[in-house]
Amino acid sequence: MSALISYFQTIEPQMIEWLKNLINTDSPSNDKVALDTLARNLGEQLSNDGGTVEIIPNKLGGNHLITRFAGHSNDFKPILILGHLDTVWDKGEAIRRPAHLEGGKIFGPGAFDMRGGITLILAMVRYLSKNKSQIKRPFTILFDSDEEVGTPTARTLIESEAKKSAVTLVLEPCIPGGALKTARKGVGTFKITASGLAAHAGIDYHNGVSAIQEVAHQILQLYDLNDFDKGTTVNPGVIRGGSRSNVVADQAEIEVDIRVKTISEGKRLVQKINALQTKLKGTVIKIEGSLNRPPLERTKQVIQLFQRARQLATELGIELKEGSTGGGSDGCFTAAMGISTLDGLGPDGSGAHALDEHVVLESLVPMAALLTHLVLNL
1 MSALISYFQT
11 IEPQMIEWLK
21 NLINTDSPSN
31 DKVALDTLAR
41 NLGEQLSNDG
51 GTVEIIPNKL
61 GGNHLITRFA
71 GHSNDFKPIL
81 ILGHLDTVWD
91 KGEAIRRPAH
101 LEGGKIFGPG
111 AFDMRGGITL
121 ILAMVRYLSK
131 NKSQIKRPFT
141 ILFDSDEEVG
151 TPTARTLIES
161 EAKKSAVTLV
171 LEPCIPGGAL
181 KTARKGVGTF
191 KITASGLAAH
201 AGIDYHNGVS
211 AIQEVAHQIL
221 QLYDLNDFDK
231 GTTVNPGVIR
241 GGSRSNVVAD
251 QAEIEVDIRV
261 KTISEGKRLV
271 QKINALQTKL
281 KGTVIKIEGS
291 LNRPPLERTK
301 QVIQLFQRAR
311 QLATELGIEL
321 KEGSTGGGSD
331 GCFTAAMGIS
341 TLDGLGPDGS
351 GAHALDEHVV
361 LESLVPMAAL
371 LTHLVLNL
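So the sequence shown is numbered by the working numbering: it starts at 1 and just counts up by one.
Don't read these hints as lab results, they were simulated from the structure.
If you're wondering where the values come from, they're calculated on a predicted model, not measured in any experiment.
For glycine and all other residues, C-beta sits at the position ideal for the given N, C-alpha and C.
Treat the hints with caution; some may be incorrect.
[Unchecked claim] Straight line, CA to CA, 30 Å or less: simulated DSBU-like cross-link-like pairs of lysine-lysine:
1. K272 x K261
2. K32 x K59
3. K32 x K191
[Unchecked claim] Restraint-style ranges between C-beta atoms, simulated for each label pair:
4. S73 x N226: 46 to 52 Å
5. T189 x A354: 19 to 25 Å
6. H353 x I219: 23 to 29 Å
7. N274 x A3: 54 to 60 Å
8. I219 x R310: 42 to 48 Å
9. V238 x I56: 28 to 34 Å
Go ahead and model the full structure; you've got the sequences and the hints to work with.
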């Protein structure tokens, strides 16, 4: 049996306790107090295990946390390890649905995305704190506070750290079943606002110009931009408009989600959306938005990193698989910079952002061992 596997088996009860405590700690993306508290608490634990901790103040949201660990050689660039502090769950959710174990799984808000990933990082650091002589390459852990809302305040920080790094390891959830993520779609959001001319719907209907009708035309044009063969999806997901049923609407808007597999397709699609024209005389449209997460493309670099990870996993008796997903992550930013990036290194489970969200407990030990083996041997 691998010495790493054996070690993490001995601290598995501690890992489960860490995970329970994290699940039972609310930290929604919009709660600065909760996020700052979590950053501070994790920073204290990482500091006690030998890390050099820096809290990055953030006036626009929760603070970010960076922890650095030195290696024994100056010849290597560091490994960048990414995770996030925020969850999609509102304050009070942990009280309503506290962590509970059932059927070899641990359930609760944020369990899979990504309290499980944080737990693996804590376990890896605990091992390395007792085996510092094994650390050749330095590594940096970056926990940001706003991944779930598009990383608006942490992106620059992530990219700055990535420029200094050799590879990026992302502790987002794996694909249910255990596969790592070697490809992710890029994600964009747009808002299209239409302005028309209000009029009484019974007395003066023909003198009105309906913003709702204009938005309807825009929606049809947007659906025409879908290209499923390329993996491109365009989803007008929210529509608002009008004031009363007896008034021709002078204002309406739609919110649109786009997903693309490649950077080039993202550029093409953004150009198409920005080039949309009005269909009704007397209306004006305003288009706002962008591709705010580039795709993580399955490049030669990504493939080589996965193959190395698979080789190292074999040494631990783990059969590593890969897959793709339509969701974005902070790894998209580093991959788009040309930094070798491996995503989905969190424990197995399912139900991200759902009421049945859970982590499979038996995956904690092997995935903690794998993360540690990667940090020591990449």
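Going through the hints against the structure:
Among the hinted pairs, K272 with K261 is consistent with the structure: their alpha-carbon atoms are about 16 Å apart, no more than 30 Å. Only pairs whose Cα atoms come within 30 Å are accepted, and K32 paired with K59 is accepted, the gap being roughly 9 Å. This hinted pair checks out: K32 and K191 have alpha carbons roughly 26 Å apart, not beyond 30 Å. Distance hint check for S73 and N226: the Cβ-Cβ separation is about 50 Å, which falls inside the suggested range of 46 to 52 Å.
Roughly 21 Å separates the CB atoms of T189 and A354, a value that falls within the hinted 19 to 25 Å. Taking 23 to 29 Å as the suggested C-beta distance range, the pair H353 and I219 conforms, at roughly 25 Å. The beta-carbon spacing between N274 and A3, approximately 56 Å, falls within the hinted interval of 54 to 60 Å. Distance hint for I219 and R310: a CB-CB separation of about 44 Å, consistent with the stated range 42 to 48 Å.
Remark: the range hint 28 to 34 Å for V238 to I56 is upheld by a beta-carbon distance near 32 Å.
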